[in-house]
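Asker: Dock chains B and C against chain A, hints included.
Chains as they are written, first to last, in the numbering used here: chain A, 905 to 1232; chain B, -5 to 396; chain C, 71 to 646.
It cannot be assumed that every hint is accurate.
Okay, derived cross-link-like pairs now, BS3-like style, lysine-lysine, Cα gap no bigger than 30 Å in a straight line [claimed, not checked]:
(1) C:214 with C:290
(2) C:221 with C:290
(3) C:636 with C:118
(4) C:600 with C:636
(5) A:1147 with C:217
(6) B:44 with C:482
(7) C:214 with C:118
(8) C:174 with C:214
(9) C:118 with C:290
(10) B:44 with B:283
(11) C:174 with C:221
(12) B:283 with C:482
(13) C:217 with C:174
(14) A:1147 with A:1128
(15) A:1128 with B:283
(16) C:482 with C:572
(17) A:911 with A:977
(18) C:174 with A:1128
(19) C:290 with A:1128
(20) C:290 with C:636
(21) B:283 with C:600
(22) A:1128 with C:217
(23) B:165 with B:111
(24) A:1128 with C:221
(25) C:174 with A:1147
(26) A:1147 with C:221
(27) C:214 with A:1147
To be clear, the hints were calculated from the coordinates, so they are not data collected in a lab.
Each chain is listed here by its residues.
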Amino acid sequence: MLGYIVKRVFLMIPTMIGISIISFFIIQLPPGDYLTSVLASMADGGQNIDEAEIARMRRIYGLDDPMIVQYWKWISGIVLRGDFGYSFEWGRPVSELIWDRMGATLGVSVAALIFVWAVSLPIGIYSAVRRHSFGDHIFTFLGFLGLAIPNFILALTLMYVSFAYFGQSVGGLFSPEYAQADWSLARVWDLLKHLWIPVVVVGTSGTAALIRILRANLTDELSKPYVVTARAKGLPEYQVILKYPVRIALNPFVSAIGWVLPQLISGVTITAIVLNLPTAGPMLIRALVAQDMYLAGSFILLMGVLTLIGMLVSDLLLAALDPRIRFT
Amino acid sequence: MTDATQRPAPDPFILPEDGHEETAPAISPLRPGEDPENIAVAGQWQLIRKRFFGNKVAVAAGVIVILLYLIAAFVEFLAPASPTAAQPRFTYAPPQSVAFFVEDPETGTRRWLPHVKGYTMEVDLESLRRTFTIDDDQVIPIGFFVEGSSYRLWGLFEMNRRLIGPLDPSKPMNLLGTDSLGRDLLSRVIYGTRVSMSIGLIGVVTSLVIGTILGALSGYYGGWVDLSIQRLIEVISAIPTIPLWLGLAAAIPITWSPLRVYFIITLIVSLLAWTSLAREVRGRFFSLKGEDFVTAALLDGSSQRRVIFRHILPSLTSHILAVVTLAIPTMIVAETALSFLGIGLKPPVVSWGVLLQDAQNIRTVATAPWLLVWPSLMVVLSVLAFNFLGDGLRDAADPYEN
Amino acid sequence: MQHQSHPPASTTTTTDTDTVLSVRNLSIDYHLRTHILHAVRDVSFDLKAGHTLALVGESGSGKSVTARALLRIIDTPARVTGGTITLTGPDGPQRLDQMTETGKEIRAIRGGRIGLIFQEPMSSLSPVRTIGAQIVESVRLHRKMTKQEAKAETVSLLRQVEIDNPEQMADRYTFEFSGGMRQRAMIAMALACNPDVLIADEPTTALDVTTQAEIMDLIKRLQVSRGMTMLMITHDLGLVAEIADDVAVMRFGRIVEQGPVDALFHAPRTAYARALLGSTLRLEAGQNRPAPPTQGEPLLSARGLTKGFGAKSWTGKTTWAITAVDNVNIDLWPGENLGIVGESGSGKTTLGKMLLRIVEPTAGRIDWRPQPGAAPRDVTAMDRRTLRTYRQAVRLVFQDPFASLNPRMTVKQVIGDPLYVAGGMNGAAIDRRVGELLELVGLDRSAMERYPHAFSGGQRQRIGIARALALNPQIIVADEATSALDVSIRAQILDLLLDLQKRLGLSFVFIAHDISVVRYFCDRVVVMHKGRIVETGTAEHICTTPSEPYTQALISAVPSPDPRNKRMSQRTRLSR
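The following block holds chain A by itself, in its conformation from the complex (with noise of 0.2 Å):
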């Protein structure tokens, strides 16, 4: 198991340095770089700077170095002194911004995961055990339904539909009073009012997915002979269905963390911007569009690193659950 794990961790690091160069691509891809942004700042400021003093500063932030010292600074300083750059609109270092609004992100990511397992695994079940009944069909169409509304779409319309049906305004995690409150009782409940909008919105569509990936794996293993056995044995139906299939069925399920995650991260993204969360995906779209690349890199590359960790953990969650994994 501990080899297993070293193993894993280990391939992992290839795919972390392709993470790296993608998010480093995007930080240089807008025209100009770095000190075109400062002195276009500093020229919205009414200062002037001469020839010289540009071509010291360049020299200084090491920008006529090769891409690849670049990139080596750039990801060493990550690394090494968890120096993720400058922000230059914020005017503050990127990593005093962006380890609130990261675990903001990976709160609500996570809470929609939940909430993803927690719904699909009994209606997968129900799907798969009473096949083409009439209750499945129903669920296969919302289903449907739900993997065809897209998050921001969603969100407008829960968000419309509670401003003009109950007179409220969704949107945030906290009510005002509540926001910047120590965390009492009271301020988790205000939070669980306000998350499950979100919550609802973003895992939908991982919802509706898993139910039809459970149910069409449970179908399968539903007709293999080791559920003829148990039947055989003299079990009951309840514990012939979870002890047998189900607990093999339930291997994709666990390493659906692998790419619900990203889906998950991807839809808080787009709905926090709807919805006006404090999460990463507001001021990321902000900082795309002011063009503040080293905060938008660093979000970029944190949430890939939060993927692959999502990954990893599925993987040995996979392990500690099938023992075919964990042994070979």
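Answerer: Okay, now just chains B and C, sitting in the frame of chain A:
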């Protein structure tokens, strides 16, 4: 298998002394099945077609998809007005509904006259905002194939007939309401269909090309080329798509022409979508490569190329078709999302995403909910249609599995 | 054994002729999309206490679903439409057919009174729970025991089915067990609650012949020691002769003949039973044709052929995880049928693939003479073009008649493909040749325009043979070419191949696990075991008076289709 000519010469079990010897399992037909003779000579596509057309939902979805593309092809003719024609007198005007009869107030008789009702304006004194309400007393007759403002169909043919419109072009007809500048939402939604639906199609073709080229490289050279392409796919799929799309799209210079933006957005969307396509096709390719009949073809003396083109690809095309159909909706949603956030397509280009930009503000939506409802409905409808169609195709793609 | 694992013999006070389970007029329908398949029709039989009834039939005869219907565990498209199932126990008769399918009553009988073992020991046990846990579950379901007691009982059961180190093995998973051990575990589970009736559904079909003999021994021993009644489902008449007291032969859902085992084998009453027996016996006899001379130059000879699997380790050292074929030498003379026999994992299939270079040998060479008297050419050193000429002369017939024909091509395209690619034929010439080939293999010319899905397994195998013959080959490598077919079809295909050999002057390399098939078909036989050749000799010699202990064990484990001459129980056992 009751065909006597097919049976190898002597069947040892049909022996005369037992008159009641049976030769086949007992079957009671429930409904007339297909003639076995027909099925025996039916090729792959015939079987797929039969299976696909047996799936009513998928067929209906296919019809909707075709209709959507027909709309996209003839937007100029179908839209009652130009998508950019502003009516400053009718901003945020609500949808008018079509009625077919007018009642004479004096005689009480009903008369056939397709029409919509006109608007009256009210000014809210507090906010000084103008609001429009439907005025049942104003009748604006409408008709089919009316003369409207002139346009060039596909930029080629000068025409001024439109499918539907007010008989008097100066009168307003906004079946789905108007936006902040008083532009007719129906016309804009129809024009948006062209951009949004074509992005899906072009995007999928682009990603198929990218996927095929990289897949072929990967398969042909193998070794480290294959390994690095697989790694690339892994890396790209590890980054959450929307942030990555955002990152790439945000770098598009503001000065670019709408057409250029359109193509680069398509490219960005397909840059990320090819990975799942490539992965699926690669997996199928390798599982087919291990099939006995492929080995048999190799032993028959077929060259590598003939094996691929004559034996593997024909088995693959139906699957590719299904996968591609299922990939289109992601592209449509991607474009919509990017445009909605303001870093995809930008006005004056009209797409469903651009239309939804107007619905970003919840107060605007509260005054003019149609701005949210109709473009959203179009997105959901098209995605649903493609999903059902793709699912049907996927289920029919392999008629040989039991 | 300190543990008293069975209740006293009071439950089996019935005398020998008492009927334990009685089935009357059982009918089962499958509701399919376009039709109803009457899978079982008016089936009646009795299980007598302590006796074994064998239900015999070819695929699709309805024997398996009958067995499952007794426990009321048939799957959804199938439905029992009539008949009675009566189980007689200490509390009097119980009507199983009247119980609800998920009710408490029937659950007490499943596993408690009737135990079930299946064909596929791998997939019949859950791969994610330990063997022990699955047996403990069975034990506790029907017997009041604490966890510790159940665990101890499980270990004792595993010991009874002769699994070494039962304490440790109970904590292992199925994939850590070999096929035979899995089936033992499955038996332990079925016997956990000391059932009166054991239903064994093709219990050894997935196993090698030596393992099959051991498992059948075990089942028989346990049956006697526990006084169990057994219903055995099988397609193998040999096994029936060795094991059963009574037989019921099923065909297309009906029992066509029923009676004591000796009567069936020595005085069959129906044509079907006679034909079935005939196909089986014919294979037993051998063909007694004069063997071609094995002097002079062989057509094909392999020397030192070796194949290792497993990657190079990262240090660059090559250490093969498995040596599938280890230093094998074989020769094939003109007109000869060379059999390669072995159990699973013996390397026989890999050897066959290496002969055609579908798998590249790790070491060794293969010499091939295009004509008798010509200079030998090394196949392992051939480039692409010469390899193509070699593959025209040496053709392969596959095991699976369903996977080996491209479903998207018509029969004409399938058979015509080699004619077009390698034979350079076109249009009408292909039509003509394909027609000839079809008639040669006993199919009608009109089959040409049809797709493979229109044919049965045996017919498809004929198409595969026609494809192999298309280019007038010299040698045919047949890899388990008949093992996917029912016994009657199998005999037909073998006769076809022999007939073709006579007419076309072919030589065969015939790879098979089934010794009777090899004896019927081959002149000389090579016995493989764990990648090596154990013994080579004429078919007659190998099958009647083998010299090597392994071959003796192998041959004597083959069940003999004659209840008056039970071979398996007196077999030679290889010391482990």
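Asker: All hints, please: hold or fail.
Answerer: Evaluated hints:
no., hint, in the structure
1, C:214 with C:290, "28 Å, holds"
2, C:221 with C:290, "25 Å, holds"
3, C:636 with C:118, "22 Å, holds"
4, C:600 with C:636, "28 Å, holds"
5, A:1147 with C:217, "18 Å, holds"
6, B:44 with C:482, "23 Å, holds"
7, C:214 with C:118, "29 Å, holds"
8, C:174 with C:214, "16 Å, holds"
9, C:118 with C:290, "16 Å, holds"
10, B:44 with B:283, "27 Å, holds"
11, C:174 with C:221, "25 Å, holds"
12, B:283 with C:482, "22 Å, holds"
13, C:217 with C:174, "22 Å, holds"
14, A:1147 with A:1128, "14 Å, holds"
15, A:1128 with B:283, "27 Å, holds"
16, C:482 with C:572, "25 Å, holds"
17, A:911 with A:977, "28 Å, holds"
18, C:174 with A:1128, "23 Å, holds"
19, C:290 with A:1128, "28 Å, holds"
20, C:290 with C:636, "14 Å, holds"
21, B:283 with C:600, "28 Å, holds"
22, A:1128 with C:217, "28 Å, holds"
23, B:165 with B:111, "10 Å, holds"
24, A:1128 with C:221, "27 Å, holds"
25, C:174 with A:1147, "18 Å, holds"
26, A:1147 with C:221, "19 Å, holds"
27, C:214 with A:1147, "21 Å, holds"
In this structure, every one of the numbered hints holds.
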